[in-house]
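Number of protein chains: 2
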Amino acid sequence: VTELPLDALETLKSIVGPSGVHDDGTLLEAACKDYFGRHTGTAGAIVFPDTLQAVVECIAACDAHGLDITPQGGKTGLVCGSIPSATGTGIILNLSRLNVIREIDPVNRSVVVDAGVTVAQLHDALQPHELIFPISIGSDGECQIGGVVSTNAGGHSVFRYGMTRHQVLGIEAVLPNATVISNLRALRKDNVGYDLSQLLCGAEGTLGIITGVALKVLPKPIQTSAAFLSLTSIDAVIQLYSKVSTTLSDFLTAFEILPDNGVQLIKRHVPDGVAPAVKQASWYILLEVNSASAAIDLGDILNAELASHFENGLILDAVVSQSESQRKQIWKCREALVFAQGRHGPVLSHDVSVRIPCIPALIDRGRAAILDIIQDVEIICFGHVGDGNLHFNVAHNGPYPAFSRDWQHRIERALYSVVQDLGGSISAEHGIGEKRRHVMSYSRSDCDIDAMRMIKHALDPNGHMNRGKIFGSRT
Amino acid sequence: VTELPLDALETLKSIVGPSGVHDDGTLLEAACKDYFGRHTGTAGAIVFPDTLQAVVECIAACDAHGLDITPQGGKTGLVCGSIPSATGTGIILNLSRLNVIREIDPVNRSVVVDAGVTVAQLHDALQPHELIFPISIGSDGECQIGGVVSTNAGGHSVFRYGMTRHQVLGIEAVLPNATVISNLRALRKDNVGYDLSQLLCGAEGTLGIITGVALKVLPKPIQTSAAFLSLTSIDAVIQLYSKVSTTLSDFLTAFEILPDNGVQLIKRHVPDGVAPAVKQASWYILLEVNSASAAIDLGDILNAELASHFENGLILDAVVSQSESQRKQIWKCREALVFAQGRHGPVLSHDVSVRIPCIPALIDRGRAAILDIIQDVEIICFGHVGDGNLHFNVAHNGPYPAFSRDWQHRIERALYSVVQDLGGSISAEHGIGEKRRHVMSYSRSDCDIDAMRMIKHALDPNGHMNRGKIFGSRT
Numbered sequence: 039v040t041e042l043p044l045d046a047l048e049t050l051k052s053i054v055g056p057s058g059v060h061d062d063g064t065l066l067e068a069a070c071k072d073y074f075g076r077h078t079g080t081a082g083a084i085v086f087p088d089t090l091q092a093v094v095e096c097i098a099a100c101d102a103h104g105l106d107i108t109p110q111g112g113k114t115g116l117v118c119g120s121i122p123s124a125t126g127t128g129i130i131l132n133l134s135r136l137n138v139i140r141e142i143d144p145v146n147r148s149v150v151v152d153a154g155v156t157v158a159q160l161h162d163a164l165q166p167h168e169l170i171f172p173i174s175i176g177s178d179g180e181c182q183i184g185g186v187v188s189t190n191a192g193g194h195s196v197f198r199y200g201m202t203r204h205q206v207l208g209i210e211a212v213l214p215n216a217t218v219i220s221n222l223r224a225l226r227k228d229n230v231g232y233d234l235s236q237l238l239c240g241a242e243g244t245l246g247i248i249t250g251v252a253l254k255v256l257p258k259p260i261q262t263s264a265a266f267l268s269l270t271s272i273d274a275v276i277q278l279y280s281k282v283s284t285t286l287s288d289f290l291t292a293f294e295i296l297p298d299n300g301v302q303l304i305k306r307h308v309p310d311g312v313a314p315a316v317k318q319a320s321w322y323i324l325l326e327v328n329s330a331s332a333a334i335d336l337g338d339i340l341n342a343e344l345a346s347h348f349e350n351g352l353i354l355d356a357v358v359s360q361s362e363s364q365r366k367q368i369w370k371c372r373e374a375l376v377f378a379q380g381r382h383g384p385v386l387s388h389d390v391s392v393r394i395p396c397i398p399a400l401i402d403r404g405r406a407a408i409l410d411i412i413q414d415v416e417i418i419c420f421g422h423v424g425d426g427n428l429h430f431n432v433a434h435n436g437p438y439p440a441f442s443r444d445w446q447h448r449i450e451r452a453l454y455s456v457v458q459d460l461g462g463s464i465s466a467e468h469g470i471g472e473k474r475r476h477v478m479s480y481s482r483s484d485c486d487i488d489a490m491r492m493i494k495h496a497l498d499p500n501g502h503m504n505r506g507k508i509f510g511s512r513t
Numbered sequence: 039v040t041e042l043p044l045d046a047l048e049t050l051k052s053i054v055g056p057s058g059v060h061d062d063g064t065l066l067e068a069a070c071k072d073y074f075g076r077h078t079g080t081a082g083a084i085v086f087p088d089t090l091q092a093v094v095e096c097i098a099a100c101d102a103h104g105l106d107i108t109p110q111g112g113k114t115g116l117v118c119g120s121i122p123s124a125t126g127t128g129i130i131l132n133l134s135r136l137n138v139i140r141e142i143d144p145v146n147r148s149v150v151v152d153a154g155v156t157v158a159q160l161h162d163a164l165q166p167h168e169l170i171f172p173i174s175i176g177s178d179g180e181c182q183i184g185g186v187v188s189t190n191a192g193g194h195s196v197f198r199y200g201m202t203r204h205q206v207l208g209i210e211a212v213l214p215n216a217t218v219i220s221n222l223r224a225l226r227k228d229n230v231g232y233d234l235s236q237l238l239c240g241a242e243g244t245l246g247i248i249t250g251v252a253l254k255v256l257p258k259p260i261q262t263s264a265a266f267l268s269l270t271s272i273d274a275v276i277q278l279y280s281k282v283s284t285t286l287s288d289f290l291t292a293f294e295i296l297p298d299n300g301v302q303l304i305k306r307h308v309p310d311g312v313a314p315a316v317k318q319a320s321w322y323i324l325l326e327v328n329s330a331s332a333a334i335d336l337g338d339i340l341n342a343e344l345a346s347h348f349e350n351g352l353i354l355d356a357v358v359s360q361s362e363s364q365r366k367q368i369w370k371c372r373e374a375l376v377f378a379q380g381r382h383g384p385v386l387s388h389d390v391s392v393r394i395p396c397i398p399a400l401i402d403r404g405r406a407a408i409l410d411i412i413q414d415v416e417i418i419c420f421g422h423v424g425d426g427n428l429h430f431n432v433a434h435n436g437p438y439p440a441f442s443r444d445w446q447h448r449i450e451r452a453l454y455s456v457v458q459d460l461g462g463s464i465s466a467e468h469g470i471g472e473k474r475r476h477v478m479s480y481s482r483s484d485c486d487i488d489a490m491r492m493i494k495h496a497l498d499p500n501g502h503m504n505r506g507k508i509f510g511s512r513t
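Protein chains in written order, with this note's numbering: chain W, 39 to 513; chain C, 39 to 513.
In short, the hints are calculated from the structure, not lab data.
Warning: the hint list may mix true and false statements.
The list treats identical chains as one, so a pair stands whether inside a single copy or across any two.
[As the list claims (entries may be wrong)] Taking lysine-lysine and the DSSO-like style, the derived pairs with C-alpha atoms no more than 27 angstroms apart in a straight line are:
{"#": "1", "residue 1": "K281", "residue 2": "K258"}
{"#": "2", "residue 1": "K254", "residue 2": "K281"}
{"#": "3", "residue 1": "K473", "residue 2": "K71"}
{"#": "4", "residue 1": "K305", "residue 2": "K370"}
Just so we're clear, the structure is a prediction, and the values are computed from it rather than from any experiment.
Pulled out of the complex, with its shape left as it was, chain W reads as follows (with noise of 0.2 angstroms):
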């Protein structure tokens, strides 16, 4: 924690009230913490806006101190994008008093929601509407739309309905010069100029705070379901996938694969059950169908499609849900493994993706790079084979404290490289943040870094937005 100035302290109270500003104590320590508390942060204040106008008055108020802004919604990110950076002068800027749902429009399917509402109340408010918000991500509960947008989220259903962005129709955000850029009107269709919208979606909070955002909803599925395959080799996925992806492609909303050690973690490390009883194989797909419509039979086609590919070979053995609650079981086998991870000792997580016919490449030469480094780990590959991302995660079995940052950087280098070679993300869906700030030359060429530094000087000249993130510390 570092001290504000006296004048700016004040200022910023007379903005938002007393309440709204802690300058020390609890609160502001653990809004300097990252979800997981590894990662600490140093800010003067953190400051609680809960009108629009707040937080206008409160960005005017930082540039005429010169300080940095930090904004945080659920904090759930897991690249240190939201919490400030060690040498942070500057305040915090929480949203999460901006949390009212503005709008359902079901004719138009479209919500208007503040910046601080939480994924799940957004679920929750939709429920009688028979409508669903896409997107959907391990911290529902806690993670916030305007966190959501500005990191440009992934999650579950990307092959069916695409990331974040492209449920996006606007947003509502404060710039650093403190003007409203606004395009709530949930249209469809509007080529008027640039789509700022889409510029600041998946900006990390760099080019202003984004405190409201119009979504697409879609109605709600009346038939899912979930069937959870052995396969027998990496090969045998990707094939699989290339069938299922066209015959079952209106309905196809999750293709994800796990790992036999993986499954083996969970078994070890979890209550019994929460693995589907399939015969053990290297490789098991968790897939999801889903209907709006009345008209067919979805388990009915899922069934006759899984059984032409244990007819030609492709799958070994297979469970498919016959209920709501089975299909939630298979699921749960999905989260467990994150949590087995967990148990079994410490983790490094990596996030990238490749072309999905590349996915054995990739985990061929980045299973082989990482062991050439160190060998007493486990590498468990899982996650959106679907959408080409894959959860690259290296667990050692020794005790902890296991990974120093030179072992970090050995393994990442390893990786990053096959990655890049394979013409490669370094980060599918997490973003940059901090933590990736020094690997994005994988993944992204210097012009385009210039040419991203160039758009962010030009809406945010001194640098005060989101300080460190993206780009390094002196941008």
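The hints should help you fit chain C onto chain W, whose structure is shown.
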């Protein structure tokens, strides 16, 4: 035609060869006219680079000589975005020689194409792979991907697949400073810094020259059915939309509206048999569904769905395609409307959008506002009602020339005031170009436009890139 400095001309010829530069003649004159030959700009030369490197060198040369650059593709836009302005003194950079389909990846469902590839060329190349690119517009044979992406084109299938921006996985472009940004890795997920591709998509060539694009493609539907429906009121249209956009949501690709006065124009001006034989009513809906699944009978599903809306009285009459030729016949009616309008006389076209529930108010209030100004006209509202997007056209019943510039402006002001009041867009899919520049403020705040200018100035400080488009002629 203006004259270029001789040394500039020599430099350009040295880059693309003498046959790639025309500084006079019919080719240059034609390139200065818009698609319908109604507007004419001026330029000193048209230049045809055939490699990325040549584009880079042309831009560097223009920068060195202080020449403006108008990027030009198929020139099928309707807002004078791809011809130079009337006071232009620079060059036209035509991308048509960059016309290679670089890559088709059927498993990743992606393509990488040069900017000069036409949409029809891409459709043809995908045919043997059983894949489609879901953007299809009236000018498929001529419009080029670079222009389609630069203008974020829409078309008939936006309801299902989104706009062009939703198909874009990445772009390669030459910025005004002659550096190249590039993301043609065709990744589904890639959250590494700002999404420059999304920024250039829809920027109408004002931020740089798109030279290549990575696009999503989709499995070719194996079943497609179209229906042409009579409905007695616009409220019934919205009610029907509200129903089928849920029940058919997995399959619905198009929900287009045609007004009775438009269908009467077709009957008068286009050979017999084009207008489907349904009972006359005030509105007609052209609806299309498709599926890549062999496990369902889409015709049955569509028939059952429509039958239920006969029973509840929403639909008065219907024709459903029983064959591919009948399906094409139904679409011919949609295309014939554009032709029939032209035959009828002078037309003022508008391309506006509102939220879907506001469509009836848009039609009523827009019509009343226009009829207040001018009476001897047909107001023909047709188009992509399922996206909230109407082509709100005013066809004069009297002899040509009918609409003075003053009439045009009065009608625009009347209609756009209604659109603004309903929170709509004055350019849903056609963009701003030069023709809609003066009305941007009906749909964007000064703050929004200022932010766009900041970005424009950051990337193109001298304003050489497509000068006069989106912004005023001096930015």
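Structure-based check of all given hints:
no.: 1; hint: K281 to K258; result: both (26 angstroms within a copy, 13 angstroms between copies)
no.: 2; hint: K254 to K281; result: between (29 angstroms within a copy, 17 angstroms between copies)
no.: 3; hint: K473 to K71; result: within (14 angstroms within a copy, 52 angstroms between copies)
no.: 4; hint: K305 to K370; result: within (13 angstroms within a copy, 61 angstroms between copies)
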